[in-house]
Amino acid sequence: MIETNETSLTIRRTFDAARERVWTALTNPEAVDQWWGPNGFNTTTDEMDVQPGGVWRFLMTGPDGQEYPNLIVYNEIAEPERLAYTHGSPDNPEQFRVTITLDDVGDAETELAMEMRFSSAGDLDEALEYGADEGARQTLDRLADHLVAK
348 MIETNETSLT
358 IRRTFDAARE
368 RVWTALTNPE
378 AVDQWWGPNG
388 FNTTTDEMDV
398 QPGGVWRFLM
408 TGPDGQEYPN
418 LIVYNEIAEP
428 ERLAYTHGSP
438 DNPEQFRVTI
448 TLDDVGDAET
458 ELAMEMRFSS
468 AGDLDEALEY
478 GADEGARQTL
488 DRLADHLVAK
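For the working numbering, count along the sequence shown from 1 and bump the result up by 347.
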């Protein structure tokens, strides 16, 4: 389910996996490289330090070969239930803020809520025009496939 308001986009998804497995898929560089990004994209992690002030530097390569350097700076870590970070690129490190929460919702089921907050309605509109909602949905579909395959 995808919801938007004036400056944020929130996507929710329930996974058939224990919360600790979902957490590991989000915070382990070998795991995240297998599923992060929309369909057709590959991710290569250069550095991942999951702690407040730590960074995740990674390169996403699109199906056309275009490369997209990304930079995440972690602001809050509450294992295994909450990650908060700023997401951007080396040239624009604070494009938006993200909070991911993981809730146990049953036997080996986890609900993930990912809220992306933008500094203005215009920035959100630009992200939606770029396909941020569909990209997030595809990324979480790939996470679901990764969790099933493990």
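No lab work stands behind these hints: they were computed from the structure.
All C-beta atoms in this analysis are idealised placements derived from N, C-alpha and C, irrespective of residue type, glycine included.
Keep in mind that the hints are not guaranteed to be accurate.
[Stated by the list, open to error] The calculated label-pair distances, taken between Cβ atoms and stated as ranges, are:
| no. | residue 1 | residue 2 | range |
| --- | --- | --- | --- |
| 1 | 473 | 367 | 33 to 43 Å |
| 2 | 450 | 412 | 31 to 41 Å |
| 3 | 425 | 357 | 27 to 37 Å |
| 4 | 393 | 455 | 27 to 37 Å |
| 5 | 363 | 473 | 26 to 36 Å |
| 6 | 470 | 407 | 31 to 41 Å |
| 7 | 363 | 416 | 30 to 40 Å |
| 8 | 423 | 375 | 26 to 36 Å |
Results of checking the hints against the structure:
no. : hint                  : result
1   : 473 x 367: 33 to 43 Å : holds, 36 Å
2   : 450 x 412: 31 to 41 Å : holds, 38 Å
3   : 425 x 357: 27 to 37 Å : violated, 18 Å
4   : 393 x 455: 27 to 37 Å : holds, 33 Å
5   : 363 x 473: 26 to 36 Å : holds, 34 Å
6   : 470 x 407: 31 to 41 Å : violated, 20 Å
7   : 363 x 416: 30 to 40 Å : holds, 33 Å
8   : 423 x 375: 26 to 36 Å : violated, 19 Å
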